[in-house]
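With the hints as your guide, set chain V onto chain Y.
Listed in order, the protein sequences are those of chains Y and V.
Just so you know, we're using numbering that gives the first Met the number 0 here: the first sequence kicks off at 0 and counts up by one.
Just so you know, we're using numbering that gives the first Met the number 0 here: the second sequence kicks off at 0 and counts up by one.
Some hints here could point you the wrong way.
Straight-line distance between alpha carbons at most 30 angstroms, and here's what the computed DSS-like set of lysine-lysine pairs gives [what the hints assert, rightly or not]:
#1 Y/K40 - Y/K7
#2 Y/K31 - V/K63
#3 V/K74 - V/K26
#4 Y/K37 - V/K63
#5 Y/K53 - Y/K37
#6 Y/K53 - V/K94
#7 V/K63 - Y/K53
#8 Y/K40 - Y/K77
#9 Y/K40 - V/K94
#10 V/K94 - Y/K38
What the hints contain is simulated information worked out from the structure, not anything from laboratory work.
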Amino acid sequence: MIRVDESKCLGCLSCSNVCPSQNITRLETSEKRSIHWKKCKEECDLCVEFCPAKALALVPFDEASEEPTVTFDLVSCKICGGGYATEPMLRRIESTLPLNLQKDSTGLAWIWVCPACRRNIEAERATKQMVLERSRRRP
Amino acid sequence: MPVYVDISRCIGCRSCEVACQRVHGGKGHVNVHMVGDHASVPIFCHHCEEATCAMACFTGALYKDGERTAFDVEKCTGCGLCRLACPFGVVWTDKLAHKCDLCVGRETPTCILTCPANALSTDFDQASRRARARAALAAAHGGRR
Chain Y
0 MIRVDESKCL
10 GCLSCSNVCP
20 SQNITRLETS
30 EKRSIHWKKC
40 KEECDLCVEF
50 CPAKALALVP
60 FDEASEEPTV
70 TFDLVSCKIC
80 GGGYATEPML
90 RRIESTLPLN
100 LQKDSTGLAW
110 IWVCPACRRN
120 IEAERATKQM
130 VLERSRRRP
Chain V
0 MPVYVDISRC
10 IGCRSCEVAC
20 QRVHGGKGHV
30 NVHMVGDHAS
40 VPIFCHHCEE
50 ATCAMACFTG
60 ALYKDGERTA
70 FDVEKCTGCG
80 LCRLACPFGV
90 VWTDKLAHKC
100 DLCVGRETPT
110 CILTCPANAL
120 STDFDQASRR
130 ARARAALAAA
140 HGGRR
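Same shape as in the complex, but just chain Y (with noise of 0.2 angstroms):
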């Protein structure tokens, strides 16, 4: 059985990816993201051995206890407004990236935008710099 640590846990689903009996469902709305660990026989941990977070543990089956949730508000893009990460994700990829790439222009704002968005920012970026290398060229 698997016990998880709620205040580990980044809600990223790699636990329900690679669970062979899927036993570790998951509910995604707009807004929400919900993971569910139903209680299991099993001696497997390869959800322990790869969760991010180190959030799992393999414990004892007991039939009291309850099967755990955990739910998650989707942050929404700062740009287009759609949900499309949990916070948990985007704090330790804040804190994964080494400090001399922080120091850029706008820092690590982009975090906080989507990547569709993003590729649009990136878009608009290259368009601007043709347009202006172009009135370079011209006299």
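Then chain V, alone, in the frame of chain Y:
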């Protein structure tokens, strides 16, 4: 050796998108963005020297292989940390992560071979060399550049 784009040449035909999907089993890693009426910009993986996606990956599925940011699907758990750690939004996760692998095993990435406008290249200097050539030609003819 990432794919460099000369966006002044891009005609927005999305051939690179299709080519990428064709060689990667329907999951492409290029997005052509239309920016107003000004330009079309294909967005590619930069294969960053300090690859933040690889830093965020805790299983070592994403790693630097020379200039390439490579991906080992066997090690991926689909956690999605890489997707969120990419500043350009060019790592995707649906169950498992996928990103540009520069068409590993092929001599040249398929998008480059496909591009009808010759906007793509693995040569960083190509765009500026073309600009210099244009300028030289214009100077020789005494016309506008």
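(request) Decide if the proposed pair is consistent with the structure: Y/K53 and Y/K37, CA atoms, cutoff 30 angstroms inclusive. (result) Distance of about 18 angstroms is within 30 angstroms: holds.
(message) So if I understand the rule, the pair passes when the alpha-carbon distance is 30 angstroms or less; does Y/K31 with V/K63 pass?
(response) Given pair Y/K31, V/K63 is violated - Cα atoms ~34 angstroms apart, limit 30 angstroms.
(message) Please verify whether V/K63 and Y/K53 have alpha carbons no more than 30 angstroms apart.
(response) 25 angstroms, holds
(request) Quickly compare the C-alpha distance for Y/K40 and Y/K77 to 30 angstroms and report which way the hint goes. (result) Roughly 43 angstroms between the alpha carbons, so the hint for Y/K40 and Y/K77 is violated.
(message) Check the hint pairing Y/K53 with V/K94 against an upper bound of 30 angstroms on the C-alpha distance.
(response) 20 angstroms, holds
(request) Verify the proposed pairing of Y/K40 with V/K94, using a straight-line Cα cut of 30 angstroms. (result) Between Y/K40 and V/K94 the Cα gap is close to 25 angstroms, so the pair holds against 30 angstroms.
(request) Compare the distance between the alpha carbons of V/K74 and V/K26 with 30 angstroms, and conclude whether the hinted pair is satisfied. (result) OK: V/K74 and V/K26 at ~19 angstroms, within 30 angstroms.
(request) Quickly compare the C-alpha distance for Y/K37 and V/K63 to 30 angstroms and report which way the hint goes. (result) Status violated; Cα separation ~37 angstroms.
(request) Please work out if Y/K40 and Y/K7 have their alpha carbons no farther apart than 30 angstroms. (result) The hint holds at about 23 angstroms.
(message) Against the 30 angstroms threshold, does the CA-CA distance of V/K94 and Y/K38 hold or violate the hint?
(response) Holds. V/K94 to Y/K38 sits at ~23 angstroms (cutoff 30 angstroms).
Figure legend: structure checked against the earlier numbered hints; hints not met, in rising order: 2, 4, 8.
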